[in-house]
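Protein sequence lines correspond, in order, to chains A and B.
The opening residue of the first sequence carries number 4 in the numbering used here; numbering runs sequentially from there.
The opening residue of the second sequence carries number 559 in the numbering used here; numbering runs sequentially from there.
A portion of the hints provided could be inaccurate.
Heads up, incomplete: computed chain A residues facing chain B, CB under 10 angstroms, no partners named [claimed, not checked]:
| hint | residue |
| --- | --- |
| 1 | Val16 |
| 2 | Phe38 |
| 3 | Arg46 |
| 4 | Arg53 |
| 5 | Gln60 |
| 6 | Thr63 |
| 7 | Lys98 |
| 8 | Gly112 |
No lab work stands behind these hints, which were simulated from the structure alone.
Beta carbons: idealized from backbone N, C-alpha and C, even for Gly.
Read off the chains here:
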Amino acid sequence: AQTVTQSQPEMSVQEAETVTLSCTYDTSESNYYLFWYKQPPSRQMILVIRQEAYKQQNATENRFSVNFQKAAKSFSLKISDSQLGDTAMYFCAFKPLNYGGSQGNLIFGKGTKLSVKP
Amino acid sequence: EAGVTQSPTHLIKTRGQQATLRCSPISGHTSVYWYQQALGLGLQFLLWYDEGEERNRGNFPPRFSGRQFPNYSSELNVNALELEDSALYLCASSLAGIVTDTQYFGPGTRLTVL
């Protein structure tokens with residue numbers, strides 16, 4: 004079974020500092036996509052960043068970057084210069100590129116609740 | 559460009575009743591996915607529709623069903639509601655069911671079963 008694990012249920016960071024959220028996954032697939040989604044208290048799920056497993060270069064989106072370690076099946080999210088608006092639940096998600104029963108849907112971790120403090 | 563929309567925002571039902579939740583995808587998107595976000599259980603995949611067909615379903619009983627209309631909007635039906643069906647139901651859409659497309663989420667429908 005494919006699983007995604009986020010080992011940090013809650014984290015906090017001071018405004019303007021850097022924080023790293025951890026994510027590990029378990030799969031026998033060699034091709035897949037990984038995502039980080041953010042769900043602020045208003046509850047709309049927003050895509051933060053996406054990484055294709057075949058790409059060795061780590062994805063970046065402004066203050067957000069990932070550390071993708073394929074051999075270790077690790078996909079951490081780094082948020083630089085944290086802002087109050089970054090306060091949210093962050094979900095790591097996995098999507099295999101196979102044509103079996105799991106094609107299409109995302110497999111989510113249980114999330115990390117991040118609080119940015121002023 | 560309008561995002562994924564869902565209605566109603568909140569829905570309160572009693573045990574045994576039926577609930578109908580609706581989703582309109584982003585214009586041009588043909589795939590719609592339904593997820594259940596129950597407290598403490600994270601997001602669980604429910605159903606995937608593409609081009610009007612059910613493509614896959616998660617590990618949920620048959621009383622969870624749905625359909626996709628010709629305009630690609632979708633509805634999720636939950637029959638014989640149980641207390642544990644109380645959750646946030648999220649709809650997502652993507653350009654196509656092909657795995658490379660990113661899913662974009664709607665704001666959700668909060669279903670409360672009393």
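field: Interface hint for Val16 (chain A), Cβ within 10 angstroms of any Cβ on chain B
entry: At about 22 angstroms, which exceeds the 10 angstroms cut-off, the nearest Cβ of chain B leaves the hint on Val16 (chain A) violated.
task: Identify whether the interface hint at Lys98 (chain A) stands, where standing means a beta carbon of chain B within less than 10 angstroms of its own.
output: With Cβ-Cβ at 6 angstroms, under 10 angstroms, it holds.
- prompt: Once the shortest beta carbon distance from Arg46 (chain A) to chain B is found, is it less than 10 angstroms?
  reply: Holds: closest Cβ of chain B sits about 6 angstroms from Arg46 (chain A), inside 10 angstroms.
task: Answer holds if the nearest beta-carbon of chain B is closer than 10 angstroms to that of Gln60 (chain A); otherwise answer violated.
output: violated, 17 angstroms
query: With a cut-off of 10 angstroms, does the beta carbon of Phe38 (chain A) approach a beta carbon of chain B closely enough for the hint to hold?
result: It holds, given that the least Cβ distance between Phe38 (chain A) and chain B is near 7 angstroms, below 10 angstroms.
message: Tell me if the interface restraint on Arg53 (chain A) is satisfied: Cβ within less than 10 angstroms of some Cβ in chain B.
response: holds, 6 angstroms
message: Using the nearest Cβ pair, does Gly112 (chain A) come within less than 10 angstroms of chain B?
response: Nearest chain B Cβ about 7 angstroms off; hint holds.
field: Hinted contact Thr63 (chain A) with chain B - closest CB pair below 10 angstroms
entry: With Cβ-Cβ at 16 angstroms, over 10 angstroms, it is violated.
Figure legend: structure checked against the earlier numbered hints; hints not met, in rising order: 1, 5 and 6.
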